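These protein sequence lines are chains A and B, in that order.
According to this note's numbering, the first sequence is numbered sequentially starting from 2.
According to this note's numbering, the second sequence is numbered sequentially starting from 2.
Just so you know, these hints were derived from the structure itself, not from any lab.
Note that the structure is a prediction, hence the values are computed from the model and not measured.
Incorrect hints may appear among the rest.
Put simply, identical chains are the same to the list, so a pair is met inside one copy or across any two.
Taking lysine to aspartate or glutamate pairs in the DMTMM-like style, the calculated list, with each CA pair at most 25 Å apart, reads [to be verified]:
1) Lys19 to Glu6
2) Lys155 to Asp114
3) Lys62 to Glu179
4) Lys5 to Glu55
5) Lys19 to Asp207
6) Lys62 to Asp221
2 protein chains.
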Amino acid sequence: MKKKELIVLQDLLGTNKKIAATIRGELGERGILAVNFMSSPGAGKTSLLERIAERLQATAKIAVIEGDIETERDAERIRAIGVPAWQITTGGACHLEAKMIGKVLPSVDAGIDFLFIENVGNLVCPASYELGEHLRCVLLSTPEGDDKPKKYPKAFTTSDCLVLTKVDLLPYLPFDIEKVKKEALGLNPRLKIFVTSAVTGLGVDDLIGYFRSARQELKDRHA
Amino acid sequence: MKKKELIVLQDLLGTNKKIAATIRGELGERGILAVNFMSSPGAGKTSLLERIAERLQATAKIAVIEGDIETERDAERIRAIGVPAWQITTGGACHLEAKMIGKVLPSVDAGIDFLFIENVGNLVCPASYELGEHLRCVLLSTPEGDDKPKKYPKAFTTSDCLVLTKVDLLPYLPFDIEKVKKEALGLNPRLKIFVTSAVTGLGVDDLIGYFRSARQELKDRHA
């Protein structure tokens, strides 16, 4: 990368980090836990969010921000289960940025408990942009293959949790869960790992429990 | 995007396009058909290339350039079936660029017939960077879901062919082939569409036939 390009990129990342820090602080003050979901296209972010939202909305107020290059499809899916959702269409950009979240936040109900942000489907670029989240989750679906963590390391090194999705397909695929866990933990030993299926519901309650604990810790920190 | 950022991006894309045009011309002169494979991580680019290379190398000389952020894993898989392969590791960058191909080309045997380039797994950014290819193929795997073309349009509008992969998994997935074909052709009516499985070999010969015809046309143009 040329010097000129590098300076522009560093400016962009520096500005993004500052905006993200402000958002994180403000949400924390209000007791709202923000979670950033990142993954390849089609790894099952929206399906997992549907399962989480269906169960969690019985006892907590939640909202979802959907990031996509084009279409309202994901926000429509979330709204269909009765959860408020805002669609950000980036019009070509390969990731969400904190300023995009900042623009949507004034519309989001101030009394929510959890804010889930589904990033653009991309296992590379979103990892470089904090959005003001308190937890970052990378999803990896079984059909993508068990060789991915080392090939796309930043999504794994910057995340708090790894969610293995679509494990209902394991009988039909060559995918070694233990190998992936080992490789991911080798990159990032503090990763919490969840094994899930949006079809059978496996692991969804464990993940909800993890988010609930994280929100309690956030509230304790800001108490 | 700010003006300063936009100018840097336009410079980058303009320079890339010029380098790509030079590469495309030089390969064409030598009768080498270059094919750029783009897709999400884990859509099956390497597995499809293995199947193509195994069959095609009986009657043609081929070489493969592998693009990844980290690791030599994909190049090792291709070398294991006796096909020369060069690994480009971008060290973080989310796509290949023409200048990276230009650096590798002097090492590639001048007498090859087909050069396959496997891009970094990313359904967004690679679409903006020509690599000097004569054909661009976007792969979409059945587990990714049939809603992807309109959500990630540029990969579909800039490609010559769409390869649906992993169709052996269709019995276990909600994926409507006809819906995807219709949506993709709505975005780009000139797309050739192939339905394939690297597990069963379905569609691989049709794809090889398509590449052979394209190479013949290329040679005729340069005769």
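Hints and how they fare:
Proximity of Lys19 and Glu6 under a CA criterion of 25 Å is satisfied in both settings, with 20 Å inside one chain copy and 18 Å between copies. Taking the shortest alpha-carbon separations for Lys155 and Asp114, neither the intra-copy value of 28 Å nor the inter-copy value of 36 Å comes in at or below 25 Å. In the homo-oligomer, the alpha carbons of Lys62 and Glu179 never lie at most 25 Å apart, since the shortest distance is 35 Å inside one protomer and 39 Å across protomers. Taking the closest pair of Cα atoms, Lys5 and Glu55 never come within 25 Å of each other, the shortest separation being 48 Å inside a single copy and 44 Å across copies.
Proximity of Lys19 and Asp207 under a CA criterion of 25 Å is satisfied in neither setting, with 32 Å inside one chain copy and 52 Å between copies. For a Cα distance limit of 25 Å, the shortest separation of Lys62 from Asp221 inside one copy, 19 Å, qualifies, whereas the shortest one across copies, 65 Å, does not.
Comparing the model with each earlier hint shows violations of hints 2, 3, 4 and 5; every other hint is respected.
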